[in-house]
Amino acid sequence: MHASDTFSTASAGGPGGLRSRRNQERLGQALAYLICTLVALAFVFPLYWMVSTALKTDAEIFLVPPSLFPADPQWQNFAASTEYIPFWQYMVNTLLICVLAIVGTVTSCSLIAYGFARVRWPGRNGVFIVYLSTIMLPAQVTMIPLYIVFRQIGWIGTIWPLVVPAFFGNALYVFLLRQFFMTIPNELTDAARIDGASELGIFRRIMLPLLKPALATVALFTFVATYRDFLGPLIYLTEQNQWTISLGLKMFQNMYGAQWQLMMAAATLTMIPTVILFFLTQRTFIEGIALTGIKG
Amino acid sequence: MAVATKSHTARWDAGKTRSLLTGLAFISPAIAGFLLFAAWPIFQSFYYSFTDYNIFQPPYWIGLQNYQDLVSDRVYGIALRNTLYMVLIGLPVHLLFDFLMALLLATRIRGLSIYRTIFYLPSITPVVASTIVWLWLFNGQYGVLNEIVSLFGFSKIGWLTDPAFTKPSLIFMGMWFGGNTILIYLAGLRDVPTSLLEAAELDGANALRKTWHVTLPMISPVIFYTLIINVIGYFQYFTEAWVLTATRDGAAGGPLNSMLFYAMYLYQSAFQQFKMGYASAQAWVLFAVVLLATGLLFRFSGWVYYRSEE
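Heads up: the sequence lines are chains A and B, in that order. Note that our numbering has the first sequence beginning at -6, numbered continuously upward. Note that our numbering has the second sequence beginning at 70, numbered continuously upward.
Since the hints were made in silico from the structure, they are not lab data. Among the hints, a few may not be true.
Restraint-style ranges between C-beta atoms, simulated for each label pair [what the hints assert, rightly or not]:
| hint | chain 1 | residue 1 | chain 2 | residue 2 | range |
| --- | --- | --- | --- | --- | --- |
| 1 | A | A251 | B | G146 | 30 to 38 Å |
| 2 | B | N123 | A | A251 | 31 to 39 Å |
| 3 | B | L277 | A | V37 | 26 to 34 Å |
| 4 | B | D82 | A | I265 | 56 to 64 Å |
| 5 | B | L360 | A | R276 | 34 to 42 Å |
| 6 | A | L201 | B | E267 | 37 to 45 Å |
| 7 | A | V37 | B | L366 | 32 to 40 Å |
Heads up, the beta-carbon is just placed ideally off N, CA and C, and yes, glycines get one too.
Go ahead and model the full structure; you've got the sequences and the hints to work with.
As C-alpha cells, then:
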C-alpha cells in the first residue's frame, strides 16, 4: 500500500502538474452531474409513467407507440379507481394499524432504550447484544408458531397480530434510540438523581423532551414500514373488510389486471400519503437513515 | 467501560440490586417480547419441523421425514437456487450500484437535496403499488420498457415471461429500490475526515486512489453493516416477486417457477397447503443458511476497518 502510494506521487507530479489535476477534477465533477442526472431521470420515470398512465383513456394506454403525455387527461380515473375496490375503507384500515403500531413502538422502544442506555445494571451489555441479535432472525422462523398461537386465541382475521407485537419493542429502533440517549450528558440525570427524582421521573421529565427528534424518526420509520408491509397483512387479515391498501391493490390487479389506467390511479393515490409525509419531514428522515448506518 | 464494570461487580450491595431491578423494569417489554416473539417461537418451530402438522389435527411426530422430503423436492430446489441467485448476484449488483451513486453524490454536487429526494422516494412508496407500476413498465406488448428497447433497434424482451430474463428483470427493478442504501452510504462518506483526503491529495493520490485507499477503509464498517442487513433481507425476498407473479388462485413463481423464491414457497407450504411441519423445516434450513452466511461474513471481515482501534 505504501509502495504504491509512492508510485502514484511520481506519476501525478509528472507533466501536467496542478493545472491538469484541476481540469481533471472539473471533468470528474461534470461527469458526476451527468450520471446523477441520467440516473435521477430514470428513477423519476416510473413515477411519471404511473401518473401519465393514470390520466389516459383505456384506449390510449394500448397505443403503440405509447403517448408520452395523456392526450386528454382523465382526472375522473382517480375517483373511478376508488370505486373498484373499497379504497377509502382500506386506507382507514391501514392508517389505524399504522397509528397503533406507532404508539406501541414509540412507547416500548423509548422505555427499553432508556433501560439499556441510562440505567447501569450488571449484565446490561451482554443482554443488549443478545437482544440486538434478534434483528438477524428471519421472520420465517417465528411466523408459523406465532400464526398457530394467534389462531388459538382467535386473532386471525383481526389487526391484533400486526399491532400487539409493536408494544414489545423493536431491536433496531431500540438501538437507534440508545444511540441518542448516549449523547445526553450524564450530569443532567445525575443532578436529578441527587435531588431524589425516580428513574421514571427522570425518564419522563428530562429524557423524553430531549428525545423528541429521535422519537419522531422512530415514528416515521414505523409508519413507513407498517404502511408498506404486505406479508403480515397477507397472513393475518383474512377478512376482506379488514384489508390494508397493499392487499387491496394486489386484489385489484388480480381482478381487473387489464385496467392499467385505473390501477395506476390507485397506485398513485396509495403513494401520496408517504410522499407528502416525506416532503414534510425530510430532515427527520435523512438524519434517521444516517443514524441507522452508523454502527460498530 | 470494561474497567468500571469489573470494579462494580466486585462488591454487590443493595444499590446494585436496585439498579438491576430498575434496569430490568425498563427493558421488561423487550424481555417479554424476546420470549414471546423470538425465543419461544424458535423452539416451537424447531419442534414442528419434525412433525406432520396441518393445524386441524395435533402435530404428529415423523422424525427427519420433512428434511428428507426437502432434499427430493424439485420445486423447493428451484426456490432455493433462485434465492441464492438473488443473494449472490442481485445483492452485489445492488450494493455496488448504491455505492457508486453515493460516491457521485458525495462529490459536493449542487442540488444534492433534489437528487437525494429522487433516489429515496421509491424506498418509501408502498412496495405493492410500485411493483404494480413495474408490472406495467415490464408489460411485453404495451410496456414502455420494450418501446424504449425497440427504439434502440433491439427486439422486444420477455421481461417477465422469458425465464432467462425474469431474474435479471427483478434485479433491474431492484436498483430502483436502492435509495435507502444510497443514503446510508452517503452519510458514511460525509463522515470521512476531509483532513485524511487532503493529506492523500498532497501525497499525489488521484481520485481513484483516494477512494480505494482512504474512503473505502473509512466507510468499510458501513459497507459491512449494509452487507449483513441485506444478506438477511435478500434471503427473505418475497413481496416484489409475489406481486409480479401471484395469480388470483394463489399460484405464484412466474414462468417455469423462475421467480419462485424461498419465502414464497414457504408461504405457500404453510398458509395455502397448511403443511406447517414441512414449512417449519424449510424455515429452519433458511435459519441455518442465514446464520452460516452471516457467520462467514463476520469470519472474513478482516477488511473492515474500525477507527477506534487506532
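Results for each hint:
A/A251 and B/G146 have their C-beta atoms about 34 Å apart, which keeps the hinted 30 to 38 Å range intact. For the hinted restraint 31 to 39 Å between B/N123 and A/A251, the CB-CB distance of approximately 37 Å keeps it satisfied. Against the hinted window of 26 to 34 Å, the Cβ-Cβ separation of B/L277 and A/V37 comes to about 30 Å, which satisfies the hint. Distance hint for B/D82 and A/I265: a CB-CB separation of about 59 Å, consistent with the stated range 56 to 64 Å.
A hinted range of 34 to 42 Å for the beta carbons of B/L360 and A/R276 is consistent with their spacing of about 37 Å. Hint check: A/L201 to B/E267, Cβ distance near 42 Å, so the stated range 37 to 45 Å holds. Take A/V37 and B/L366: their Cβ atoms lie about 34 Å apart, and the range 32 to 40 Å holds.
This entry satisfies every hint, going by the numbered hints stated previously.
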